[in-house]
Amino acid sequence: MLELDGITYRYAGAPRPSMHEVSLTLADGEVVGIVGASEAGKSTLCLVAAGLAPRTVGGSLSGRVLLDGHDAAPLAMHQLAERVGICFANPATQLSRVTATVYEEVAFGPMNLGLPRGEIIDRTGAALEALGVADLAEREPARLSGGQQQLVAVAGLLAMHPQHLVLDEPTAQLDPAGTQLVAEALARLAADGASILIAEQKTDLLAQICTRIVALEAGRIALEGAAADVLADERLTGLGVALPGSVRIRRLAEAASLGSPQRDKLATALATLDAPA
Amino acid sequence: MTDVALESVSYVYPGSGVRALDDVSLRVAGGEGLALVGQNGSGKTTLVRHLNGLLRPSAGRVMLDGADAHRNTVAQLARSIGLVFQDPDQQIFAGSVRAEVEFGPRNLGLRGEQLRVAIEEALEAVGLAANARTNPYDLGGSRRKLLALASVLAMRTPVLVLDEPTTGQDVRGVEVVRRVIDSARAAGRTVIAISHDMEFVASAFERVVVLRAGSVILDGPPSVIFAESSWPELRSTFLEPPLAARLGAQLGFQATPTDDALIRALAQ
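These protein sequence lines are chains A and B, in that order.
Counting from 1, one number per residue, gives the positions in the first sequence under this note's numbering.
Counting from 1, one number per residue, gives the positions in the second sequence under this note's numbering.
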């Protein structure tokens with residue numbers, strides 16, 4: 001369980017807080033999506049939830065982050081890293097830069113957990129497989145494409161078997177196939193009981209994996225609810241969030257005042273394609 | 001008008017043995033709007049880095065207006081080809097938004113009123129006019145990306161090359177990028193963009209080139225590339241046609257690559 005309890009957070013030197021009185025609870029096995037316009041506070045929320053703000057980025061925080069009911073603030077950095085994983089938006093920030101191959105990069109986390117050798121090998125192999133990057137195992141991480149680096153970064157996190165995971169736009173540079181691999185990997189991790197917080201612009205992805213969605217506006221929670229309800233909410237566009245494809249096309253059909261036979265045809269086609277939301 | 005062309009270009013990254021481009025030939029006429037799509041690692045970024053001389057082909061030639069671009073210095077290429085990186089942090093270095101945007105056109109020799117107008121128009125185009133004195137690192141990632149775009153726009157190159165311009169942008173940011181592309185095209189400039197967003201590709205570009213493992217496998221207008229007959233090829237490289245195209249096919253329409261085309265077909 002991951003809990004944010006009355007979080008207000010201000011970056012060092014900032015005139016005002018970037019996050020105001022945000023409270024949010026993720027049960028074990030729950031995937032919660034964070035949406036909002038640029039600079040609405042999605043990345044800040046990720047840094048706070050992962051225990052990195054103010055710990056490593058400075059600033060001042062009131063309220064508490066609780067991991068399985070325990071305050072995260074007094075944990076040592078290595079204890080924190082065992083309990084909560086974070087995936088940064090930019091994979092170049094994520095990669096360790098101390099490993100020569102993708103295999104070592106993905107094994108880096110489990111090795112630092114001090115796991116037995118066999119366990120490290122199993123986890124590394126499984127994570128590489130899950131994200132479709134097993135064939136890149138011997139490549140140098142710095143020489144991969146942006147999208148490939150992003151897959152390797154997520155694989156490295158999966159190999160940690162995190163109980164809590166925070167991801168900041170983990171699929172931004174991914175093609176549809178890579179995005180789907182990340183979605184499936186996260187769904188499996190949640191099925192194993194992890195709490196997952198994911199900030200994303202791709203609402204089609206969120207529709208597929210999230211139980212709940214939180215929309216942020218200027219550092220406050222503007223909308224919160226079941227994924228399907230929030231993603232179909234009229235107010236979402238006003239918050240700078242792209243609608244899932246099926247919702248968008250239904251709206252356009254309504255706006256074009258199509259007759260009901262046409263609308264029915266469209267609804268049938270949408271149902272046939274089983275488009276999310 | 002500036003024509004750019006790749007003639008049988010292959011590229012192997014030194015020391016890796018990985019053939020990132022494999023005999024690619026592609027001609028882009030002045031004023032064209034072209035989207036480059038393909039799986040992660042298919043060679044899209046490698047291809048565009050050849051256009052402004054950041055990479056030199058291992059085999060083949062890059063042509064600029066019919067002459068081998070190899071003869072040009074990187075500085076000369078910079079006048080013709082403006083490349084905006086995927087990661088703005090590979091590009092941004094100045095202490096203020098204005099200084100960042102000023103660097104390019106100043107190096108091209110613009111001064112005084114001309115320089116001021118180039119900077120202000122570029123900042124205006126991406127919605128950063130009010131942030132001229134801000135430190136780039138006080139901007140969020142998405143606005144830093146728009147700043148990188150502005151700094152290249154200000155150079156007014158006849159060819160604009162954008163590596164995943166909509167990544168990390170919210171709805172408004174995507175609209176800013178779309179307007180920038182539209183007005184560059186309206187001014188007769190060539191725009192070449194890499195994107196994974198098929199909806200954006202179908203609605204903002206007149207030509208789509210699909211790369212797979214360093215080779216061009218499809219090249220045509222969105223209505224052809226996203227038509228049902230092309231889906232096997234698209235899916236061979238794990239690309240999905242836009243939702244509108246899939247719905248249109250379900251409904252028995254001719255190619256409807258965009259939302260608008262689908263709604264029009266439904267209305268008839």
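In case anyone wonders, no lab produced these hints; they're calculated from the structure.
A couple of the hints might just be wrong.
Said to hold, decoys possible - Label pairs and their in silico Cβ distance ranges:
1. A:Glu-21 <-> B:Gln-90: 35 to 45 Å
2. A:Ala-256 <-> B:Glu-233: 28 to 38 Å
3. B:Ala-130 <-> A:Gly-29: 26 to 36 Å
4. A:Gln-79 <-> B:Gln-90: 51 to 61 Å
Note that beta-carbon positions come from the ideal geometry of N, C-alpha and C, so glycine has one too.
We went through each hint and held it up to the structure:
1. In this structure the hint that Glu-21 of chain A and Gln-90 of chain B lie 35 to 45 Å apart at CB holds, the actual value being about 37 Å.
2. Checked against the hint of 28 to 38 Å, the pair Ala-256 of chain A and Glu-233 of chain B passes, with Cβ atoms roughly 32 Å apart.
3. A hinted range of 26 to 36 Å is violated for the C-beta pair Ala-130 of chain B and Gly-29 of chain A, which are about 44 Å apart.
4. With their beta carbons about 34 Å apart, Gln-79 of chain A and Gln-90 of chain B fall outside the hinted range of 51 to 61 Å.
Hint compliance for this structure: hints 3, 4 are not met, and every other hint is.
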